[in-house]
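Trainee: Letter by letter, the chains look like this.
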Amino acid sequence: MQGTALKHGIKWRRDSLKERVARIGLPPGTLPVEQSTGATHLQALFYTANTLRTVEPDATGAFKQQLKRRRGEKLWLRVADADAHVLKKLGDFFELHPLTLEDLHSRDQRPKTDYYENYVVTIVQATRMEAGTIRHYQVALIVGSDFVISVQYNYAELFQPIQERIQVPRGRLRKERSDYLYYALLDLVVDHYFSALSYVEERLEELETRAVGRYQQSIIQKVHVLRGDIFHLRRLVIPLREVIRRLEVELPDFFVSKNVIYLRDIYDHIVQVIDRVEVHRELLAGIYDLQLSMANYELNNVMRVLTIISTIFIPLSFIAGVYGMNFDHMPEIHSYYGYPIVLGVMLAIGAGMLAFFRMRKWL
Amino acid sequence: MQGTALKHGIKWRRDSLKERVARIGLPPGTLPVEQSTGATHLQALFYTANTLRTVEPDATGAFKQQLKRRRGEKLWLRVADADAHVLKKLGDFFELHPLTLEDLHSRDQRPKTDYYENYVVTIVQATRMEAGTIRHYQVALIVGSDFVISVQYNYAELFQPIQERIQVPRGRLRKERSDYLYYALLDLVVDHYFSALSYVEERLEELETRAVGRYQQSIIQKVHVLRGDIFHLRRLVIPLREVIRRLEVELPDFFVSKNVIYLRDIYDHIVQVIDRVEVHRELLAGIYDLQLSMANYELNNVMRVLTIISTIFIPLSFIAGVYGMNFDHMPEIHSYYGYPIVLGVMLAIGAGMLAFFRMRKWL
Amino acid sequence: MQGTALKHGIKWRRDSLKERVARIGLPPGTLPVEQSTGATHLQALFYTANTLRTVEPDATGAFKQQLKRRRGEKLWLRVADADAHVLKKLGDFFELHPLTLEDLHSRDQRPKTDYYENYVVTIVQATRMEAGTIRHYQVALIVGSDFVISVQYNYAELFQPIQERIQVPRGRLRKERSDYLYYALLDLVVDHYFSALSYVEERLEELETRAVGRYQQSIIQKVHVLRGDIFHLRRLVIPLREVIRRLEVELPDFFVSKNVIYLRDIYDHIVQVIDRVEVHRELLAGIYDLQLSMANYELNNVMRVLTIISTIFIPLSFIAGVYGMNFDHMPEIHSYYGYPIVLGVMLAIGAGMLAFFRMRKWL
Amino acid sequence: MQGTALKHGIKWRRDSLKERVARIGLPPGTLPVEQSTGATHLQALFYTANTLRTVEPDATGAFKQQLKRRRGEKLWLRVADADAHVLKKLGDFFELHPLTLEDLHSRDQRPKTDYYENYVVTIVQATRMEAGTIRHYQVALIVGSDFVISVQYNYAELFQPIQERIQVPRGRLRKERSDYLYYALLDLVVDHYFSALSYVEERLEELETRAVGRYQQSIIQKVHVLRGDIFHLRRLVIPLREVIRRLEVELPDFFVSKNVIYLRDIYDHIVQVIDRVEVHRELLAGIYDLQLSMANYELNNVMRVLTIISTIFIPLSFIAGVYGMNFDHMPEIHSYYGYPIVLGVMLAIGAGMLAFFRMRKWL
Amino acid sequence: MQGTALKHGIKWRRDSLKERVARIGLPPGTLPVEQSTGATHLQALFYTANTLRTVEPDATGAFKQQLKRRRGEKLWLRVADADAHVLKKLGDFFELHPLTLEDLHSRDQRPKTDYYENYVVTIVQATRMEAGTIRHYQVALIVGSDFVISVQYNYAELFQPIQERIQVPRGRLRKERSDYLYYALLDLVVDHYFSALSYVEERLEELETRAVGRYQQSIIQKVHVLRGDIFHLRRLVIPLREVIRRLEVELPDFFVSKNVIYLRDIYDHIVQVIDRVEVHRELLAGIYDLQLSMANYELNNVMRVLTIISTIFIPLSFIAGVYGMNFDHMPEIHSYYGYPIVLGVMLAIGAGMLAFFRMRKWL
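Chains as they are written, first to last, in this note's numbering: chain B, 304 to 666; chain Z, 304 to 666; chain S, 304 to 666; chain R, 304 to 666; chain C, 304 to 666.
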């Protein structure tokens, strides 16, 4: 059972690697010629400060007409589990670069932001706790001057809170330009890292409590698994810091400069996540070292007991063996006081050994 | 008992994490809708070089009128254990950004400085020794052109010395602008890190003395706990260095440039704290390595004793065993000199073994 | 069998070192005066958007005439397994610097890009899985305003997919300038790193599965070999990141600026490779630590069993030995209940020992 | 006895920490209100290229008159073991900033240079070997356009060589401006680090020689102590590199630009010291690893001997034990050849065991 | 014998340290007042593209007249094993700074380049394999607009290849300005590092082959020595990279800018050397870890054998001991089937133990 998170992680990455290996030699920006999965779900929210209309275009049909914005409307297009066919149609409609489409279609991109003439695309990995392990799901956010497209796989409910907040007429999300919606979505993804941290800290506290007690191989194995989780999380978050920092420096034209403060807020949160992840690594290393030293300690104790017992009794047994020999001529044996004297000598040797051990502080 | 500092740390962070997780999906800058705690304490010091008046507004009432400054007065507002209600009212009065209020309300922010149009807010973590562990308490310092607001939780007495120094008419604190008060408060927080360092060094000296003697699991456990303390301290101080350095570079307009020298002084102190913390880490690692090697050494010694005793007596016992066999026809047994000869052989074997050990430098 | 990858790597590097050592003292840019190998293979593809003609000049002859471009044609010259003679003739024709020729002739250059007045030369190492190990083959790409020369050894089939794509009339490769062909070739080299990664992850998953089970020296040895592979891969890829980044910053005049996006795509891929390689290192270190702690655990278990058995039976054997002595006067021996009493005492001692072990949690 | 250097270091730092803790809450730049120690010694050297007059002002009196320079004279003021009273008077006379005075009075500042309007103050730590340990003494050098003040504690003889060189009429020190004297003093401090290095290398060579031989706990302890010394030295020198580099970049107005070459010379020396210190760390780590592996090796050897002996004789003893049993009906016992056959079997088992060990390469 | 490289290194450094310590307090740029060694050897090569004349001035005499260049001649002055007297005379003639002379005279300078008004001086450490260890010899190259001075100790034959190449009339060395000669000399020094690398890789391959087999203390010791060699090499080369990089950026006026490409070539070689050195470190660490884990493995095996044998026979011996007791009333002893029953029980116990071990996978 243990190691499942890690194995899951490795397996999952290998799948995405195999897909990549299969495409070696194709021109960049090539989408795979796959069957339409039929699973794609589109939801378009057209909103102004006062109006909101929700359209659910049929992904298998010619939905372009349905994506037309009316005057003054902003659009949030939610795309779930899109296949290559739908992505191509979206790419045509929004004039997305083929390389963007390729990124949208893959599921294990490193967090990054790419800048195009009239849009910006940010790839992040959202985390969710599932069956006791941290899994991640790629989220792509494409933001233009009056639209945001969010592209997700397998984790559609992630943006539910924003869905709800945008219902509020004349709310901030409705009044601000599309960059504010983008920040809200990004902020939500980052907030979910705190759930993962919370899970990790719960495990850490549990391990810390048990680790002080005694050496157990199961603790070491749990340390190993948790180390994988922490490393996984770290890998998702650390590149994100640079992504946000660079976005702040190279703010696209269609972003409102006074809203940069929300970007900085997200940046602060990411730095906090990274900070805690580093704390976790250090604590975990501490627990590991403690356990190793405890293993040492227990081995020393075991060996000490063995040595004390052996060292006392082996010489005594030898003496007993000597007087168990069957030689005809062993004068001590016939002496009347032979037996008590030998017993006395044995006692003296035993006591001497004990004194020696006490002197060496082994007892 | 040991490990309490660490466990305290983890538990405390988990509480703050849980609070954060509970707020996932809320817009940034949202304060929790909590009960008024009634514990908030406000103290306003209005001062000029020559005058000083102290007002203690009732935090539960409408205290805005009481915060009005008279002509030429500067204000130091001390806020202790504020709840969300009071923070909102303060935010209205001083025109603080909602994100600032959110930071003021939380208690485990990473040290940082945020720049707003007419104020700067610095978050630091003040340390205090409590029950043998280093605890930290968040302090927020909001500084504008003629006011400083200090926001604290659970550790109101921290700024007592500044409270006393500001009583002195025509003292430096009274004559300078608000940036000087800000430096004084920050300096005090940094000074308290030296108490924590002093505690750590006391522990280190004690461990060093014991560690040279012999291997003890209790030393390793104390190393583990102290390592947690040092790491904790490091985490509070290292981001502060960057905070101060950046403040020096991007000095706000309402800071007096000739006072920058005091900022540099604080910077020097922080660098010294970090420097010592790094020394502590290295020393602790040294103690740990020494203990591990000592464990090795003791194990080697124990094994050597066991091996010497076993190696001498096991063959001798075997010989005794041979002559303890009950075969009818064992000619040696009936020989008159059998017994002394066997004893002599045994002595020779024992002596040979001892010589062998001496040759191998085991004795 | 194990360690072959590493040994291969070391041996191979030593050969290239020996060649270098043999040339100490020669002026830079000196090609060795070697026999013509006769193995050189040249293939020139002259193409415009609409036309394509393929020429295979005889490398041993005077092929310069065959390399003349017609008006508007671009050239991709594929050079395989070139000897010094051919390189010199190519250098004359394309006016390559002697230092470039020296680099082309060597086979173990670190990835780099050198800038000359009218061409740019990029050295990369392409990987291929062979007999279960990652081997690398140097590829040099010389790109001018209307030509690309690719120089390879032993791995001519690498660029087959591009060879096929360039056949398509009016395809992108045919319409774009030579920089696009250069990107396509570089991209292919980088894509092949994903095959190597895939191989590494397969091994890692296998090791992870086995490592959780128990300590085995064969796992440690496989970790050692895989560590060599990962390190090898890392060494090929990490300098490449800098090479690409610098090319983006100092884009030569004859590169089309709007194509830079493809360079960035390659850069993203390289960063992903590096990212995964770092993950592999960490996972491998985790497996190693886990195995070491498992070795510890098993040793502890073995010692505990030994100690328990010895500690119980050694004292009992001693008692049996005492009553096996042949003294004439041993009153207990003649007592009727002597034997059962001694057996009872032995049982009590044994039970006591077991209780002691259970108390110490050894059982 | 061992560990004294470290303990000394810790104790000494704790004293300086306690002093600092005692001053928490005081305004920056506050000197302690201490008793005049009476130990302060002042020596003023007024010099031109041709003239030199030495004055020893009475530190307890009003010495300001004695510090007046005549026309064209430069001043080197040597201050030894100054108390707060004297520092305050000096501060008045030379218009030193209170923060400078605070730095002069403390004794464990990190190396740094502070820039003021008409002077520069550099704090360094000079080392001296004392009783087999490296101790450090703070030296402050204040340099203005025509004066240098050196402030020391407990180590007045440090600058004796400069004292002697300045006696030479028309020597370089006499002709150059005060920056040259400053360089000379700084250079001397840096030169003394080479003595400390020399001490460390002597110890290292000794340890290296012994460490190759065999594992000894005393070596490990000496490694521990030497590691403390090296770390101590490192901490003194590494910040100094940055101090000098920055001084070179931001050369004050009253420094002669052509003399910068002497600053670079000092910089080179510091880099050399750091370089060697890093070498020492690496060598020490090598010795430590070697010793640990040697401990392993010896333990393996001890265990191998124990195992060989036990494994041979324990089964033999068992056989002897079987035939020492007193059963009435043991047919072998009465057989005439029983005894020699059993002896033969024992011999065969012993020989078989030895063969087994040889096969396993344990012998 | 082992460790000689290291000891040699330490001893050699200590000598150079002692010399430095002896000079503490002297003004910078002071040469020691030593006896003329008489060993100095001078060789001046005056050359133009068409002419070459070689002069060997007598170092003990007044050789200045012999160093006069004729119109248009460039000079390469080779100085071997120079004493302070000769250096002073050279310094006068070429107007070298005293600090340069000091650097020329020392023999363990860190690689560096110093810039003076009309010359540049580069210090490097050339390596040579001697008696199985890597030794280094300082080389100083002083280059002005029309002269190069090379100053060496103990390793005069290093520049023989350049000596030969400069004989060729109208060769590149003869036609180019002095910077090209400087590059050629520097390139030769760097090329020799590849010999050292080759030596290290040979050792590594040997160790790798042996290390896979089994744990041997001699391997660990060889790893230790090789680690010293690698570290030594690293220390010589790493500062050189920075030296070359800076020279490229701050190219002196009298260097020909088109020749910078040769400097870049040298830079590439240095980066390759560093790259390989890092590979060696990693490989060596891998071998070390492998050996440690192998030691563990062997210890585990030894202990397992001991435990199996002891655990089987100790209880059996106890049983034999019980029936060897001499009690009068032991009913089993007189039973006819006692002996075979006990033997059977013993067999059963032994078989049970074996089954237990097999279950635990110890067999």
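Mixed in with the good hints there might be a few duds.
Each pair may be met inside one copy or between any two copies, as identical chains are not told apart.
[To be verified] Straight-line Cα separation of at most 20 Å, DMTMM-like style, residue types lysine to aspartate or glutamate; simulated pairs:
| no. | residue 1 | residue 2 |
| --- | --- | --- |
| 1 | Lys367 | Glu508 |
| 2 | Lys415 | Glu545 |
| 3 | Lys321 | Asp571 |
| 4 | Lys478 | Glu467 |
| 5 | Lys525 | Glu460 |
| 6 | Lys371 | Glu467 |
| 7 | Lys392 | Glu505 |
| 8 | Lys415 | Asp571 |
| 9 | Lys525 | Asp592 |
| 10 | Lys561 | Glu505 |
| 11 | Lys391 | Glu508 |
| 12 | Lys367 | Glu585 |
| 13 | Lys525 | Glu508 |
| 14 | Lys664 | Glu601 |
| 15 | Lys391 | Asp578 |
| 16 | Lys321 | Asp592 |
| 17 | Lys561 | Glu601 |
| 18 | Lys321 | Asp417 |
| 19 | Lys321 | Asp386 |
| 20 | Lys415 | Glu551 |
| 21 | Lys391 | Glu420 |
| 22 | Lys525 | Glu585 |
| 23 | Lys664 | Glu504 |
Source of the hints: derived by calculation from the structure; they are not laboratory data.
Trainee: Each hint should be assessed against the structure and marked as holding or not.
Mentor: Hints and how they fare:
1. Lys367 x Glu508: This pair counts as neither: shortest intra-copy Cα distance 53 Å, inter-copy 45 Å.
2. Lys415 x Glu545: both (8 Å within a copy, 18 Å between copies)
3. Lys321 x Asp571: Only across copies: Lys321 and Asp571 sit 18 Å apart there, 36 Å inside one copy, limit 20 Å.
4. Lys478 x Glu467: within (15 Å within a copy, 49 Å between copies)
5. Lys525 x Glu460: neither (30 Å within a copy, 43 Å between copies)
6. Lys371 x Glu467: neither (23 Å within a copy, 41 Å between copies)
7. Lys392 x Glu505: For Lys392 and Glu505, the Cα distance exceeds 20 Å both inside one copy (45 Å) and across copies (36 Å).
8. Lys415 x Asp571: For Lys415 and Asp571, both the intra-copy (18 Å) and inter-copy (9 Å) Cα distances are at most 20 Å.
9. Lys525 x Asp592: Classified as both: same-chain Cα gap 14 Å, cross-chain 13 Å, threshold 20 Å.
10. Lys561 x Glu505: neither (38 Å within a copy, 49 Å between copies)
11. Lys391 x Glu508: Cα proximity of Lys391 and Glu508: none, with 48 Å in one copy and 35 Å across.
12. Lys367 x Glu585: neither (52 Å within a copy, 47 Å between copies)
13. Lys525 x Glu508: both (12 Å within a copy, 18 Å between copies)
14. Lys664 x Glu601: So Lys664 and Glu601 pass the 20 Å test inside a copy (16 Å) and across (11 Å) alike.
15. Lys391 x Asp578: neither (40 Å within a copy, 29 Å between copies)
16. Lys321 x Asp592: neither (37 Å within a copy, 29 Å between copies)
17. Lys561 x Glu601: Answer is neither; intra-copy 62 Å and inter-copy 62 Å both fail.
18. Lys321 x Asp417: For Lys321 and Asp417, neither the intra-copy (25 Å) nor the inter-copy (34 Å) Cα distance is at most 20 Å.
19. Lys321 x Asp386: within (18 Å within a copy, 37 Å between copies)
20. Lys415 x Glu551: For Lys415 and Glu551, both the intra-copy (13 Å) and inter-copy (17 Å) Cα distances are at most 20 Å.
21. Lys391 x Glu420: within (19 Å within a copy, 41 Å between copies)
22. Lys525 x Glu585: both (15 Å within a copy, 16 Å between copies)
23. Lys664 x Glu504: So Lys664 and Glu504 fail the 20 Å test inside a copy (40 Å) and across (29 Å) alike.
In this structure, the earlier hints numbered 1, 5, 6, 7, 10, 11, 12, 15, 16, 17, 18, 23 are contradicted, and the remaining ones agree with it.
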